[in-house]
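K.L.:
Each chain, written out:
Number of protein chains: 2
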Amino acid sequence: MNTQSHHLWLFLLLVLTNLFITACSKVDPLPSWNEGDSKQNIIAFVEAVTDKSSPDFVPAEERIATFDNDGTLWSERPIYFQLFFAIDRVKQLAPQHPKWKTTQPFKAVLDNDMDALAASGEKDLIQLVMATHAGTTTEAFSQIVKDWLATAKHSRFDRPYNELVFQPMLELLTYLRANEFKNFIISGGGIEFMRPWVEGVYGIPPEQVVGSSIKTKFEMRDGRPILVRLPEINFINDKEGKPVGINQYIGRRPIAAFGNSDGDLQMLQWTAAGEGKRLMLFVHHTDDKREYAYDRKSHIGKLDKGLDEAEKNGWTVVDMKADWKVIYPSN
Amino acid sequence: MNTQSHHLWLFLLLVLTNLFITACSKVDPLPSWNEGDSKQNIIAFVEAVTDKSSPDFVPAEERIATFDNDGTLWSERPIYFQLFFAIDRVKQLAPQHPKWKTTQPFKAVLDNDMDALAASGEKDLIQLVMATHAGTTTEAFSQIVKDWLATAKHSRFDRPYNELVFQPMLELLTYLRANEFKNFIISGGGIEFMRPWVEGVYGIPPEQVVGSSIKTKFEMRDGRPILVRLPEINFINDKEGKPVGINQYIGRRPIAAFGNSDGDLQMLQWTAAGEGKRLMLFVHHTDDKREYAYDRKSHIGKLDKGLDEAEKNGWTVVDMKADWKVIYPSN
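For the protein sequence lines, the chains are A and B, in the order given. Okay, so the first sequence: first residue is 290 according to the working numbering, each after it adds one. Okay, so the second sequence: first residue is 290 according to the working numbering, each after it adds one.
Remember, identical chains collapse to one label, so a pair may be satisfied in a single copy or spanning two.
Calculated lysine-lysine pairs in the DSS-like style (CA-CA distance at most 25 Å, straight line):
| no. | residue 1 | residue 2 |
| --- | --- | --- |
| 1 | 594 | 506 |
| 2 | 506 | 591 |
| 3 | 528 | 594 |
| 4 | 504 | 412 |
| 5 | 504 | 528 |
| 6 | 412 | 506 |
| 7 | 566 | 601 |
| 8 | 578 | 610 |
| 9 | 601 | 528 |
| 10 | 591 | 614 |
| 11 | 610 | 586 |
| 12 | 591 | 578 |
| 13 | 412 | 390 |
| 14 | 380 | 390 |
| 15 | 566 | 341 |
The hints are simulated quantities; they were obtained by calculation from the structure and are not laboratory data. Remember, predicted model here, so these are calculated numbers, not experimental data.
For reference, chain A alone in the conformation it holds in the complex (with noise of 0.2 Å):
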């Protein structure tokens, strides 16, 4: 090759590069989302705090992202996924409590009375998932959660709950790892029910989970240590909740929060109220054909107070029907 040719090579080179590279930044990083408002404010923020040159910017140890699980990255319709899995729980353990059979909310899960179930309290509700939770070890809980997941199916879909996870939203996970955020999950759900499926879904490690939490105990069995989950709540990460999680877990307020409900306004308030640009969203439900429609009269995802917050304050809320392309990603 003489000189000549040599530089042809090169040139080549560069304009090649230049167009991969063109064409790269053109890419759409959320393709499941419609153009409009949501979409909008969402690349715009994310562009504003990652421009060095921007007086918004944000240094990448700080892009802390906090996201509500049950109705924001995932659908919580009938009921609360987790419930599924204590009430299947329940019918296993069932011969080993015989009592359950004359008590609630254990006989209205044993009679599959989804009714009254669904009008328990959330004291009711915990205590249920406190009874099916406990008892075993750390390690063998997260394997029964794998087990559940590999084989229970939601009714309606008949697909594996974690498959009914909104596409649009890995989408955004996606987007802003790529633009150095940290994403974490602050959910009302367990805890160690997330944790043995959320990294491989949405790429979220479990030391970024915070979730509702039982007590767990450190015991020497037969020489080797083991943690032994206890029937007690050790921390209810919802409402006002989230915010005393976010400081205990992180110890750095968000600069974005998604959520979906009024248990994720105080998580939106508390990252509003940080210095420097913000971006608070809320995903509301809206669409009943491909998924469900529910808001201010909603007993599980209620949102209300949410709604008229977002208003007031000009946050982001995602009209599902309207903004998403696609509900969950395809089989």
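Chain B: place on chain A using the hints.
P.N.:
Positioned in the frame of chain A, the structure of chain B alone reads:
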């Protein structure tokens, strides 16, 4: 440039690149560590778990390393540094609490009776910490800690407390990080006492700090959300609490754990009980000239059972006097 000279330049570039890579690979990652078993064990472990062709290879996301703080990353004598902070706070707040003059452990503090204070039980000390660490917002407390560190000095070494960190351990943190480990602090000390300064000193971000904590409460004050620190224990991250804290915050078992006292024993046991190659290490305080010498009979940082277990299980025990060229970073 003709083709021949072009080839010559390419060749020279390759040679230089190669030299540079070779030079880099020979840089000692732990220059403040003397050659010996401790250093060798650390390097052999890191090389084994990061070598893709090794049977001991561990994927990067599972390279969790946990470090105790007091006595492991910084000194803890004559008393835990956080107690000096509490003492200074008691003196500062005393005018607002006349009863402290006659109530232990506050009386001991106000009388400068260090012997009485050192003899206090754990509960007394916790009470002291709670009384001086609560009553503010989380933001205000963080500032109080920073202000204290900027002015307070260790009486023996006449240096700010956050300069009394162990240079060899700083190198170890950097070495692990360079090998894609995620370093966590797992300390009995207060989580909110550590977070304001550990990122700058250890390169460990707040979300990788686990410690003891008091409860906090979410409140709206003048339309702004705050977290108020309550004088109520939330969690004691010591002894059996360390594996509990590790599970609660990280949700993965560490593959390497570093401590210096019996308060870290359960963390090391928990780490050791996982499958695959592990590194368990105790820092043994053997240098009364350059730092302090204490172990089995010490009131603070007692290392008794831990030494027996280390010998029995072949864990690494660092002899500070023999293994470390320097103790603290140079001024």
